[in-house]
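Engineer: So the sequence lines, in the order shown, correspond to chains A and B.
What the first sequence shows, in the numbering used here, is residues 26 to 249, in sequence order.
What the second sequence shows, in the numbering used here, is residues 65 to 199, in sequence order.
Hints are computed from structural coordinates only; laboratory data are not their basis.
Treat the hints with care, as some may be off.
Cut-off 27 Å, straight-line C-alpha distance, at most; resulting in silico cross-link-like pairs (BS3-like, lysine-lysine) [unchecked claim]:
hint, chain 1, residue 1, chain 2, residue 2
1, A, Lys-52, A, Lys-169
2, A, Lys-169, A, Lys-223
3, A, Lys-227, A, Lys-91
4, B, Lys-181, A, Lys-52
5, A, Lys-223, A, Lys-141
6, A, Lys-55, B, Lys-88
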Amino acid sequence: MIQTIEASPDEIYDIELEHSLLEANAKLAKENRALLDRHGIAAIDVMGAIGSGKTTLIGSLVGRLKDRLGIAVLNGDATTSTDADLIAGQNVPVVQIATVNGCHLDANLVGKALRKIDLAKLKLIFIENIGNLICPAEFPLGSKARVVVVSVTEGQYMVRKHPHMFFGADVVVINKIDLASAMEVSVADLIADVHKLKPGIKVIPTSCKNGAGLDELTSSLLAV
Amino acid sequence: MHELSIASSVVDSVLEFIDTHEVKKVLTVRLAVGELSYVETEQLRFCYSAITQETAMENSTLEIESVAAVVVCPQCDYRGSPKYWEDALSAAPIPTLECPHCHSTVEPVQGHDCAIKTIQFIACADEMPGNRRKQ
Chain A
26 MIQTIEASPD EIYDIELEHS LLEANAKLAK ENRALLDRHG IAAIDVMGAI GSGKTTLIGS
86 LVGRLKDRLG IAVLNGDATT STDADLIAGQ NVPVVQIATV NGCHLDANLV GKALRKIDLA
146 KLKLIFIENI GNLICPAEFP LGSKARVVVV SVTEGQYMVR KHPHMFFGAD VVVINKIDLA
206 SAMEVSVADL IADVHKLKPG IKVIPTSCKN GAGLDELTSS LLAV
Chain B
65 MHELSIASSV VDSVLEFIDT HEVKKVLTVR LAVGELSYVE TEQLRFCYSA ITQETAMENS
125 TLEIESVAAV VVCPQCDYRG SPKYWEDALS AAPIPTLECP HCHSTVEPVQ GHDCAIKTIQ
185 FIACADEMPG NRRKQ
């Protein structure tokens, strides 16, 4: 049953709050960034849809870089540890961040994960966000760069369907290009779509199957 | 569904306000949602009504005001509305970060936030809160 309260006008107040809802996360992201900066670590937030190839891509990059510099990986996953297990096979520190039902990582969870690893020996941390091309955009984590991974298997229109994801990105990866002709998807058109949303952003076509683009991606990420 | 995170953040903030003020009932919460933020307002309303149940915010109205995007161009000093991608797939044109004048990348300066603007509430009887604006 709904009860109604009759308000006399002199009892009603209107208060201006001007309270940002994204500020609490943004503040924690800044704290994460300060912690990482103090240790001279660059964190790379890797975002993309489910099945875009984030884990395999991170695995390929870790394989190329782990003998040159200290790397750790934070794996966001709603429930399983399969991605974390895959990366841990490379003998680098891995923390799995289980969001349970959460659709994105946030700066608080990443801050907790950072406290689990010995930062002293690290130079680079990959943060694999939850497979989702919408929600992570609103939640910065304190990374130095945000990478968005789109794969040709997601179809020709994935970029224009999710414009907001690209606004905060620093590098965009068009992944699985070895499958482009089988998928009848134009990599050039996907790149053109990204540049239409954000001109001048670095877009790198890659294939973890044949290694295409991985050298360029590695040097781009080391330069951030 | 980050709308649930946003709605929880609204409710936490307002309940925190209620804890420190003499509030009998919240009538309306007004949000300002930026054009460049990715918040689906219908989902947000649904989450809001679900999680305000059995709180002092139950049955309150969530008003959502849209804040237009403003971008500035570091190259040519353009300041104003973003360039829109007219013939993308969606029914409405999509804002982009391309400068409408010189085609370089612009920076958004407005329209990327999501904030609580005002709370309208009934104060407890005999309370005359300071620095509050009577309606």
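Engineer: Confirm or reject each hint.
Structural biologist: Hints, verified against the model:
For the given pair, A:Lys-52 sits about 15 Å from A:Lys-169 by alpha-carbon distance, which is consistent with the 27 Å threshold. Restraint check for A:Lys-169 and A:Lys-223: satisfied, since their Cα atoms lie roughly 18 Å apart, inside the 27 Å limit. The suggested pairing of A:Lys-227 with A:Lys-91 holds, with an alpha-carbon distance near 24 Å, which does not exceed 27 Å. With a CA separation close to 20 Å, the supplied pair B:Lys-181 and A:Lys-52 stays within the 27 Å bound.
Distance restraint check for A:Lys-223 and A:Lys-141: the Cα-Cα separation of roughly 36 Å exceeds the 27 Å cut-off, and the hinted pair is therefore not satisfied. A C-alpha spacing of about 37 Å is found between A:Lys-55 and B:Lys-88, which places the hinted pair above 27 Å, so the restraint is violated.
In terms of the numbered hints stated before, the structure departs from hints 5, 6, listed from lowest to highest.
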